[in-house]
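S.K.: One-letter residues, chain by chain:
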Amino acid sequence: MSGRWQWFHRLGSPKWFYEKTTRWLPWLVGAMALFLTVGVAWALLFLPPDYQQGHTSRILVVHVAVAGTSLSFFPLMAAAGTVTLVWRIKLADMVAKHAAPLGAWFTFLTLASGSIWGSVMWGTWWEWTDSRLVSMLFQLFLLLGVISLRTAIENAETAARACALLSIVGCINVVIIKYSVDWWNTLHQPSSPISMEVGNPNGPEFWVATLVMIVAVYLFLAVSLILATRNEILERENNAQWVRELVAQAR
Amino acid sequence: MNRTGNSAMNRANAGAAFRATLKRDLLISVKRRNDILNPFMFFIIVVSLFPIGISPESAMLRQIAAGVIWIAVLLASMLSMDSLYRSDYEDGSLEQLLLSSQPLYLLVFAKNIAHWLVSGLPVILVSPLLAYMLALPAEGYLTLVLSLLLGTPVVGMIGAIAVALTVGLGSRGLILAVITVPMSVPVLIFGTLAVQNSLAGGSPLGYLALLGAMLAAAASLAPVATAAALRISLN
Numbered sequence: 001m002s003g004r005w006q007w008f009h010r011l012g013s014p015k016w017f018y019e020k021t022t023r024w025l026p027w028l029v030g031a032m033a034l035f036l037t038v039g040v041a042w043a044l045l046f047l048p049p050d051y052q053q054g055h056t057s058r059i060l061v062v063h064v065a066v067a068g069t070s071l072s073f074f075p076l077m078a079a080a081g082t083v084t085l086v087w088r089i090k091l092a093d094m095v096a097k098h099a100a101p102l103g104a105w106f107t108f109l110t111l112a113s114g115s116i117w118g119s120v121m122w123g124t125w126w127e128w129t130d131s132r133l134v135s136m137l138f139q140l141f142l143l144l145g146v147i148s149l150r151t152a153i154e155n156a157e158t159a160a161r162a163c164a165l166l167s168i169v170g171c172i173n174v175v176i177i178k179y180s181v182d183w184w185n186t187l188h189q190p191s192s193p194i195s196m197e198v199g200n201p202n203g204p205e206f207w208v209a210t211l212v213m214i215v216a217v218y219l220f221l222a223v224s225l226i227l228a229t230r231n232e233i234l235e236r237e238n239n240a241q242w243v244r245e246l247v248a249q250a251r
Numbered sequence: 001m002n003r004t005g006n007s008a009m010n011r012a013n014a015g016a017a018f019r020a021t022l023k024r025d026l027l028i029s030v031k032r033r034n035d036i037l038n039p040f041m042f043f044i045i046v047v048s049l050f051p052i053g054i055s056p057e058s059a060m061l062r063q064i065a066a067g068v069i070w071i072a073v074l075l076a077s078m079l080s081m082d083s084l085y086r087s088d089y090e091d092g093s094l095e096q097l098l099l100s101s102q103p104l105y106l107l108v109f110a111k112n113i114a115h116w117l118v119s120g121l122p123v124i125l126v127s128p129l130l131a132y133m134l135a136l137p138a139e140g141y142l143t144l145v146l147s148l149l150l151g152t153p154v155v156g157m158i159g160a161i162a163v164a165l166t167v168g169l170g171s172r173g174l175i176l177a178v179i180t181v182p183m184s185v186p187v188l189i190f191g192t193l194a195v196q197n198s199l200a201g202g203s204p205l206g207y208l209a210l211l212g213a214m215l216a217a218a219a220s221l222a223p224v225a226t227a228a229a230l231r232i233s234l235n
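Heads up: the sequence lines are chains Z and F, in that order. Using this note's numbering, read the first sequence as starting at 1 and increasing by one per residue. Using this note's numbering, read the second sequence as starting at 1 and increasing by one per residue.
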């Protein structure tokens, strides 16, 4: 094996991953707590009320961060799926397995925080003419499809490979759905309230707070995914020597 | 035999295998008429529910006609897809396909075409009649049929991936719909937009071209994914 690929296969070893993340986790959790505190405090306490939206704009700081993060789940799962199908590295599937429900939650949170914001700003909890609400809804359906496929297939390896394939197909489709829904709407409503959310002409105090929040949410995603993967490793490798030693130590 | 001769023979065999699979599936469908008739009847029944559930006024109906027919077609194809690989899985012929030396995606493609010919085409042929019952204005007929001709094979080929992923499972439940419906949304959007555009006096060609592009993409990519899914499901 050439040296260039060694790190790749070492990263694929559950034991290596477990030991490394034991060392990384305190740092990640610390950084997450820091960014989360700064972001939330900034958004709730210090951010000046928007000239049009008033205090409602504070919701956007959370909403934009969660929405941006939830878009990264399908690429993540497709990448992990490719690794599963090509190199058959078990760790990739352990990550993908827990990314799907986490992604569904993030997508749900995006929809929920978006509609809370919309209930104030647009006067409605749901708006079919907003293309992003609609494409997020279909992303949620696709993620639920991946989850239900995983639970329906009993054989773990078959489930891993089937979900990997579905994630890759789904990743391509999420993009197609996104663009066609965009097109569908812009044709019907050239000017909709969408522009207020995306190209918000707010000053840097708004988008820096959002940026801090985005980093915080990504760190939260990383921490939750690592914790879930570590559990999965312990569960699947419960016959391995090092896991037994670890459990014996803990007792 | 030298190498070029070998590959030429393989190509000829692949063509023969394609034709044989197509013929076999069509023959089986003709002999098992219920599999064709059920989705067809389902389509007509679903369409006839809309005037009763929403409004019998033709002014209202003509606005929703294209969407109603497209949605009913999607639901009917969901129903017909359920039986796509089932009998082949049960009698073991699916495994024979996998063991065949011919490229699997080609055989999958043949099965897709056969399935569309017996389940998609009849529904499309009867759609003008139902469009008339839903008071669709005359300008919309040709576009509706063309959009269905281009769009339904895409839905069928995407659905085949989902069917292949779940082929060995006892209870499939909602998986098929949860996977296929979101992926069919672009087809639904452009299919109905094409009809609405020609009703408004515009040219539907742009949308039909997009549907054609989707068909080209699906025809070249989906059978490969379906073949991979079959190999995963049957190990």
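Calculated from the structure, these hints are not laboratory results. Incorrect hints may appear among the rest.
Claimed, not checked - Simulated restraints on C-beta separations:
1. 121/F / 25/Z: 53 to 59 Å
2. 128/Z / 13/F: 49 to 55 Å
3. 28/F / 29/Z: 34 to 40 Å
4. 182/Z / 220/F: 48 to 54 Å
5. 220/F / 235/Z: 20 to 26 Å
6. 28/F / 128/Z: 52 to 58 Å
For every residue, glycine included, the Cβ atom is placed at its ideal position computed from N, Cα and C.
S.K.: Now tell me, hint by hint, if it's right for this structure.
M.R.: Structure-based check of each hint:
no. : hint                      : result
1   : 121/F / 25/Z: 53 to 59 Å  : 58 Å, holds
2   : 128/Z / 13/F: 49 to 55 Å  : 51 Å, holds
3   : 28/F / 29/Z: 34 to 40 Å   : 59 Å, violated
4   : 182/Z / 220/F: 48 to 54 Å : 24 Å, violated
5   : 220/F / 235/Z: 20 to 26 Å : 40 Å, violated
6   : 28/F / 128/Z: 52 to 58 Å  : 42 Å, violated
When held up to the earlier numbered hints, the structure conflicts with 3, 4, 5 and 6 and fits the remainder.
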